[in-house]
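Enquirer: Spelled out from the first residue to the last, the chains are:
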Amino acid sequence: MKLTQISVFLENRKGRLYDVCSLLGKNNINIRALTIAETESFGVLRIVVDKSELAIQTLRQNNFVANLTDVVAIEVGDKPGGLAGILKIFADSDINVEYMYGFVEKFSDNALLVFRFEDTDKAVKILTDKGVKVVTRREIEGL
Amino acid sequence: MIWKKEIECMQPAELKKLQSDYLKKLIPYIHSNCPVYKKKIDDAGVKPDQIKSIDDIKRLPFTTKIDMRDNYPYGLFSAKDKDVVEIHISSGTTGNPTLVGYTRYDVSLWSDVMARTICCAGGEPGETIQIAYGYGLFTGGLGFHYGALEMGMKIIPTSSGQTARQLKIMQDFKPRVIACTPSYVLYMAEEAKAMGIDPAKGNWKIGIFGAEPWSESMRKEIELVWNMSATDVYGLSEIIGPGVAQECPHKEGLHIFSDVFYPEIIDPKTDQEAKEGESGELVITTLTKQAIPLIRYRTRDIVSIRYDKCKCGRTSPRISKIKGRTDDMIIVRGINVFPSQIEHVLLGIKGTQPHYQIIVDRKAHQLDEVEVLVEVEEKIFSDEVKKLNELSAKIKKEIEGVLSIGVKVTLVEPKTIQRSEGKAKRIVDKRTI
Chain A
38 MKLTQISVFL
48 ENRKGRLYDV
58 CSLLGKNNIN
68 IRALTIAETE
78 SFGVLRIVVD
88 KSELAIQTLR
98 QNNFVANLTD
108 VVAIEVGDKP
118 GGLAGILKIF
128 ADSDINVEYM
138 YGFVEKFSDN
148 ALLVFRFEDT
158 DKAVKILTDK
168 GVKVVTRREI
178 EGL
Chain B
228 MIWKKEIECM
238 QPAELKKLQS
248 DYLKKLIPYI
258 HSNCPVYKKK
268 IDDAGVKPDQ
278 IKSIDDIKRL
288 PFTTKIDMRD
298 NYPYGLFSAK
308 DKDVVEIHIS
318 SGTTGNPTLV
328 GYTRYDVSLW
338 SDVMARTICC
348 AGGEPGETIQ
358 IAYGYGLFTG
368 GLGFHYGALE
378 MGMKIIPTSS
388 GQTARQLKIM
398 QDFKPRVIAC
408 TPSYVLYMAE
418 EAKAMGIDPA
428 KGNWKIGIFG
438 AEPWSESMRK
448 EIELVWNMSA
458 TDVYGLSEII
468 GPGVAQECPH
478 KEGLHIFSDV
488 FYPEIIDPKT
498 DQEAKEGESG
508 ELVITTLTKQ
518 AIPLIRYRTR
528 DIVSIRYDKC
538 KCGRTSPRIS
548 KIKGRTDDMI
558 IVRGINVFPS
568 QIEHVLLGIK
578 GTQPHYQIIV
588 DRKAHQLDEV
598 EVLVEVEEKI
608 FSDEVKKLNE
618 LSAKIKKEIE
628 GVLSIGVKVT
638 LVEPKTIQRS
648 EGKAKRIVDK
658 RTI
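Going line by line, the protein sequences match chains A and B.
For any residue, its number in this note's numbering is found by taking its place in the first sequence, counting from 1, and adding 37.
For any residue, its number in this note's numbering is found by taking its place in the second sequence, counting from 1, and adding 227.
Think of the hints as simulated: they come from the structure by calculation, not from any bench.
It cannot be assumed that every hint is accurate.
Ranges of calculated distance between the beta carbons of each label pair, as one might list FRET restraints [said to hold, decoys possible]:
hint, chain 1, residue 1, chain 2, residue 2, range
1, A, Leu-54, B, Lys-614, 53 to 61 Å
2, A, Ala-121, B, Lys-590, 43 to 51 Å
3, B, Met-422, A, Lys-116, 42 to 50 Å
4, B, Lys-577, A, Val-141, 32 to 40 Å
5, A, Lys-63, B, Ser-631, 45 to 53 Å
6, A, Leu-54, B, Lys-621, 55 to 63 Å
7, A, Gln-94, B, Glu-417, 36 to 44 Å
8, A, Asn-65, B, Lys-621, 37 to 45 Å
9, A, Gln-94, B, Leu-574, 24 to 32 Å
10, B, Glu-418, A, Val-141, 45 to 53 Å
11, B, Lys-577, A, Lys-63, 57 to 65 Å
12, A, Gly-62, B, Leu-574, 38 to 46 Å
13, A, Gln-94, B, Lys-550, 48 to 56 Å
14, B, His-592, A, Leu-91, 51 to 59 Å
A virtual CB, placed ideally from N, CA and C, is assigned to each residue, including glycine.
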């Protein structure tokens, strides 16, 4: 089950991250997971939210450059070696992870991690085959 | 010394006769050898035999950078291809570069005006000159080289860059004359200090600086830090390269070699002659050049002119330092930069829009830095930083390929580039020159 991530281009300027977050907050959109990839002059904010359609519309209306990317959220046992176990599956199946980051909160005893794969469909198939629990869209919306 | 005293100190009436003689020969030569000019002259309703004196020049049409671009490469040549012995190419405003060519005579003319230039600055035959203008397609290096050769100077052709080596050569060979861009000589002063060399005890006593705008305050700074006389040289490759005009040690304007490069100052809006002393666009006619003689070439440089005799004895008219431009060209490290060049690059890269801004800055005693801001559009935006970095590297590489100078490319959010009256402000020049 794929989830939608929203990526937003952010100039390296004071208050830009605040601008995005407050805009989402005003529209009653809740951020579930978040990470920022930064360079010297700009950053890319990546978020998973409860209402992704509304979020991207709102961002674009407010002149932010944003796009949608398919990602997969995986429940990982919150114990030593939990993540390693998942990564082994990817390594064995020749699946490339572009980047990954954690959820803001957990909603079970497991940790939640967002993965962006080179080939998302292939990754989802492998995960399903291996019986790994992936988070559904409904779960994200209802968190 | 005055290199060509009989010309440079000529009585105005005699000079006018010489200019008239040259123009009378030039127009039939161009008319019969260059179809593009033939058409221009015919379209202006002028017959070559109607040009009898230099005053008739006003009847002739102007030549612009657009003419150079549209007739690239050989359209404006009056000489036969086999008689062209050297060509130089500089970047044009969009697409086509500007090509300039020289016959053997043109090279000797260039050598002559450059010898006049170096002498006018205070250089003497037998002295050593370090030429730190770029050699190659840029006319700066070779122009000085030819002039110094003509004079019988000892030439050290260092070309630009490699500052530590420039300074070592200065110390080891004691050249009295240095020729480079004014910002580079200030940069070298900083480097010298960092290397433990006191610039005030340096060997350069005369500097010939040009290819970019510089001010009286920069002159004071250069003269103080290097303990030298800093003079201004003017030229443009379309006319010949450096060697169009040069300051003498009195520094009250640049002596223009008007016997061969006939100057007019016009109001760029009305195309009418400006009054003596008033600022306007400098228009130059090359009276004796063979390969690409230009009639009333619009330099787009704003200057004023004076015709009184100088304390140095020269009677040649003097133009002021460049006061501005009639177009949006800026000069960075001696290179002409037009915003349209950058627009052209962005239009050529898939997915980018030509929403950009050029920021030119010069930190104290450093070389000019160029930053190009490019607005990121949704089409090219990616969640992967790697791809955005690849994009900005591609833009950087292509711009540098066109401009031949290093630039920094920064991606910015859309609609963040300052727009004034609906039109984006393309250039922010933060330099205090």
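Enquirer: Any hints this thing doesn't respect? Which numbers, in order?
Expert: Numbers 1, 3, 6, 7, 11 - these are the hints that the structure violates, sorted from lowest upward.
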